[in-house]
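Construct the entire structure; sequences and hints are all you get.
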Amino acid sequence: MSRFFHLLNLIFILYILNIPPSENVDRNNFKTCEQSAFCRRQRKYKPDISPYEVDLRSMKTIRSGHLQFILHNTLKSPIKFQLDIFTLEHNSLRVKINEKNPIRKRYEVEHALVGEPKLVDVKLTNLDGKQVEGSFSKSAKFLLNAKPFRLDLFTNGIFVMSVNSKNMFNFEHYRTKPGTNESTGENNTEDNEDGMWEETFKTHQDSKPYGPSSIGVDVNFLNFENVYGIPEHADAFSLRSTHDTDPYRLFNLDIFEYDIQNPMALYGSVPYMLAHNEHATVGFFWLNAAEGWIDVNNDKLTVQGFFSTIASFFSTKPTADKNEVPQVSTHWMFESGIFDGFFFLGPTPRDIFKQYSVITGSVPLPPLWAIAYHQCRWNYNDEDDVRSVLNGFEKNVIPLDVIWLDIEHTHGKRYFTWDTQKFPNPEKLQDDIARYGRKLVTISDPHIKKDDAYQVYADAKALGYFVKTKDGADYEGSCWPGASMWLDYFNPDIFQWYSQRYSLENYKGSTGNLFIWNDMNEPSVFNGPEVTFPKDIIHYGGWEDRDVHNLYGMLQHMSTFQGLYNRSNGHIRPFILTRSFFAGSQRTAAVWTGDNAAQWSYLKIATPMLLSLSVTGFGFSGADVGGFFSNPDAKLLVRWYQAAAFQPFYREHAHIDTARREPWLFGPDNTRLIRKAIEQRYNYLPYWYTLFYKQEKQGIPPMLPLWANFPKDKNVFKTEDLFMVGNGLLVCPITEADTNQVSIYFPGENTIWYDTRTLIQYNGSETVLINVDMESIPVFQQGGVIIPKRLRRRRSSMLALHDPITLVVALDRNHEAKGELYMDDGYTYDYKHKRQMIYRRFIFRNNELHSKTLDFTGKFETDAWIERILIFGYPKNPKKVIINSGDKQAIPLHHYHAESQMLTIRRPGPLVASDWTLTIT
Amino acid sequence: MNLILISSLFTIVFSGNIEQTVLRGIPTSLLPKYTLAKTFLCLDGSSTIPFEFVNDDYCDCRDGSDEPGTSACPNGRFFCENKGYIGTIIPSHFVGDGVCDCCDGTDEYETKIVCNNTCFELAQKTRAEREARRALHAAGVAKKLEIISKSVLIKSDREARLRELEEGLQKVEDELKGKEELKQQAEAPENEAKDKHQKLWEEQRAVREAIARDNQMHEMFAELDANNDSLVSIEELQKHTELDSDHENEFTVEEVRLILGADSVNFDEFNVTVFDQISNSYKKLSEQSSETPVDHADVAATTEAQLDQIQAEADEETSAGEDEYEHEEEQHDITTPVATSLEHEKHIHDDTVPEYDDETKKLIQLADHARNEYNEVEGRVQDIKRQIDDLKRQSDVDTGPHGEYSAFIDQCYDYEEREYTYRICMFKDAKQISKGGGSDVTIGYWEGWTGPENNKYLKMKYANGATCWNGPARSLTVTFQCGTEHKPIDVREPTRCEYSMIFETPSACDERIATATMHQEHEEF
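Read top to bottom, the protein sequences are chains A and B.
Taken in order, the first sequence gives residues 1 to 921; the numbers are from UniProt numbering.
Taken in order, the second sequence gives residues 1 to 525; the numbers are from UniProt numbering.
Hints in this document: simulated from the structure, not taken from any laboratory.
Keep in mind that a hint or two might mislead.
Claimed, not checked - Simulated restraints on C-beta separations: (1) A:633 <-> B:455: 29 to 35 Å; (2) A:668 <-> B:450: 16 to 22 Å; (3) B:98 <-> A:474: 48 to 54 Å; (4) A:209 <-> B:440: 52 to 58 Å.
What the hints assert, rightly or not - Short derived list, chain B residues pointing at chain A, Cβ under 10 Å: (5) 74; (6) 91; (7) 92; (8) 470; (9) 471.
C-beta atoms are modelled at their ideal positions from N, C-alpha and C, and glycine is treated no differently.
Structural data, given as structure tokens:
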């Protein structure tokens, strides 16, 4: 009942943000490129000839796979740059450019990479003094042109990427301020452009004591028409041309009521872009944590001059009369740091996922319950409220795994505390929740309430653990609790100390069944410039926020992860949800798309947003079901539950001002529909869990764009209204209120698609009008794929851990299919450390279904068995089905439904862990 | 997946290694439907299956009736025998999930966990709870009956009182009529005398004013006529620059002539055409020269707007600092010169009406008396009307079929919470009163009973309270439960601005629960 305070908060935010209550985001509160001085400078930098040249004579081989050159700007001869080229395993190349002798060290990003990338030998050729060519790894090649500096990249002999072919490479070296004693006096006017040494946005002044330091570079994707990635933006999956808009912006911000279909920055930043065409998938990742802007343009490359000499490398030959190939040219601009580019040369989508995950890490296998259904609200008011919501799930027979507590559960937004009036006995509450294998997630934001009586604050204050202003004082800003300070996680001691706040001893009232949600960690500072930290505040090591801004949220959730990991001595898998993120965040946290709204358009944009996250490493992501702001009607809510059942992170969440929207509050029929959607999620959990395991191993996200499975099908390169779960399910969210039919293009040649609702078969490469009712969204299983399911009902995923499995075998045109099943205890690291897991491969071929292990060392004990096998597309009623497992033989009953061509094998019976063969005669 | 299974389709039944307890999970009443035979007819009649399929851990019937003892069917129902307690039906998906749901533990026959048999303790606990509940309802019902019988008395009292009041009202209204006549009779001579007095005084005042004007005019004329030729000439008047209406320029001959209407005027002409034009601005030359010779030579140039500005500045400074008095004085210095003649006039108008003569005073006294008497009776009429309205409102309130809720009439109850006191005034309104200061917020006005059809008096609603910021109007739903006293025991806000209160009252106690015998209870175990 803290409405009053809440109201104050809201009024305060509105006051700070100057937001009229009924409107969406006020764009005036956030910078445009024109208002960000370095973007303004870099965007207009378009010389006819690049002044940068590589001194090839300076080449040094530091060690095998590491070459070093001197690069200089012919217009500013004294300034030298160092160019490092690292040839990496998995068709990957790293290129670093830094000032050779900077007057101030430039920031190089830490924490993002999973480890030191492994070098591979490079074979150098073409050393004619004008360029250097290097071949490395499986099928990768680079060509470094000296005058001007340009870097071309090839995969399998195809020319795919070119750096600085548009002459926009522009590296602002650190310099002394004109007019000061030390200044050399050179180029004074040029060094004193507007906004170089100071800039003001609204009432906030950025003191910029180190002056200009930005870097711009053009990276061009030759013969590509579609690029993807660089989340987070509420925009199309295939990135749009920014010719008539601002560039896409990367700067972690809390945008209140964000708009969709625009390139504004959001909560997280991953400076990683992919390009895909029917010949190759490639990627470019610039490891930089400063504010960034990226222009995207679809244009044509005229093949003349230099390019004509390498025209033979183009996958598509330029036509004789036009001499043009399409390209996507991109222009990247960061405010500080160094150029640290990774080029991933594929050539397949799978290779790309692997290559990026080798560098930044993959999403580790989450606990099983974390990929089941989550119920959240700002706020479940007290223990009784939580219990009554749990009861609602029992009463309405809806499975649930996790219930969440937002900020109001704390004692006045002091994280690691409880409002003891409302939550007098949190341990007991967690024990009760855990009775059905369920978990509790509590929120823990990075702002620390300024209150000497609050232990976390008092200790951190005494230890000097808060982020500092440029003058060295503790930086103070405002957030939910009012006056607050922020921990400087960049300091390893503070990182460690914060992680220890999560120990059962320090976090009173927490138990092993409690997990964590890190919100507001961009960070959100209500009275800061653009609602975040001023850029000139100082972090550990003397780095300005300008240098490290986009890492802040990641460091918080990494520290949280460390805390939860240590809490169980590394035995139990942590779960953390974060709003802010950077490349590498995927190793320790799931993400969600923040504060969306209860509108059809936000349900629709969720798919492209999640696809953008998926292809850039964030396979564990979701959007708030129902929409965070305002009230969804029953239809929208049902459609959202249906769509999100097939998206990786499945959580219902709502703003404190909204009406209650637990699944049973919309009448019996809608309750039934929501139950059905959630149960569908639970039915497919064995498949999801297997996909998450594959993600950990191979970096392949569970939710995929169609091109990832059908890379040669040009019709799906822009598809964002359909997506795939693994290679088995094609999902079509319904994102309009009154839809009776949808037009669906089925990807792939010679593929078959089975409508999971009706078993009607559709052919690949055909567009079909599909009927839609409220019962379910259209979901199709691809012929050729075997999907493991659990069709039994349980109260939570953990209570179904040992339940029998149903195999759904969808046959392709050759009457073949294959699939996998992964199982373990669902919550510990024993699958890793003790090999307590089962990983099976199922193959259907020549009327035989085989179950074989994919991991001979796996030994998870379970009595789970195969209770049912459904074979889709089976042509006729067989005489007999025999199953052999070891020396045992059985003849299970079968039933054939001719109309739908479905063969059902009743109780085949073998244990999931055993090898067996089913023979149909 | 709905399979239509025909037994002839199956050649051999897979002899699974699962030990079947064929009749597990079937309630006694349904056992006759599961008699050992060749086939089993699904309870919904949807299909016939081999009897071996019953409880074989595979779902064959659409209604789940073939698998009461396993978790195979999503819609199956498992019967816990619960010896020593009550047999209960639980969803069959609770079977074998590692959670003990039956007190006899029979739902977990296959899992590794051990379920203690808690039926005996549960029975005891349930019995104790039921007894406590029965006792509570019994005590509550006794109070409820008191309320009901009181309500009957109150109702008849109220009706009698109403009749009494209505009769009384008639009498008092008659009396009021009489008093009104007397009042009018006394007021007529009073008004006449007062009018007369007023008129006399106004005449006297007019004479006084005329004399004053005349004196002032003579004085002014004498002063203006500097050469004593009984004429005021242009030159003589031109010295008085304060009379220049456009302030900025010189006071030209033309301008002066415009005022005089001629080159010079004698006293009579001055009286008719000039005096009224200049009397407000006019100032003696001696007064002008005594001023500090600042270059805004004429003070009249201080326009009203400028004055306002000075005033505003002064006000501002005053509110900022504390030297109010000083500023006030300054203000006077500036305004005094222009106000001289005005003040004189004001003095004339300020003259208060002189005291009435004794005769008039007497008449007033008589009229006052008549008025007082009238007002007193009118007050009584209003009072009776109010009482009648109250009684009517009370009898209009729906207090339940037997007046169970009549004790709530005109009662308010408080619920204390950390930040707020919630005050509900029954059949009227509900408020949230902040403990930290701040104004009260109305969270709803009485709307009606909103319980379900079979129990309308279970809930009441207060709606259309103060509107939430950017949200709906607040409302409160009160849910009643049996208790021995009237008191709110909980207030919550499950959704923003939608409050819910739990309220204990004997009025919600149930005779059927109160009179349930132990014998009946036993039967259920």
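Going down the list of hints, with the structure as the test:
1. With their beta carbons about 30 Å apart, residue 633 (chain A) and residue 455 (chain B) fall inside the hinted range of 29 to 35 Å.
2. Look at residue 668 (chain A) against residue 450 (chain B): about 20 Å separates their beta carbons, and that is inside 16 to 22 Å.
3. A hinted range of 48 to 54 Å holds for the C-beta pair residue 98 (chain B) and residue 474 (chain A), which are about 50 Å apart.
4. For residue 209 (chain A) and residue 440 (chain B), the Cβ-Cβ distance of about 53 Å falls inside the hinted range of 52 to 58 Å, so the restraint holds.
5. Using the Cβ-Cβ criterion of 10 Å, the hint placing residue 74 (chain B) at the interface with chain A is satisfied: the shortest such distance is roughly 4 Å.
6. Hint on residue 91 (chain B) holds. Least Cβ distance to chain A is approximately 7 Å, under the 10 Å limit.
7. Checking residue 92 (chain B) against chain A by beta carbon gives a least distance of about 9 Å; that is within 10 Å, so the hint holds.
8. With its C-beta approaching chain A no nearer than about 5 Å, residue 470 (chain B) sits inside the 10 Å limit, and its interface hint holds.
9. Nearest Cβ of chain A to the Cβ of residue 471 (chain B): about 6 Å, under the 10 Å cut. The hint holds.
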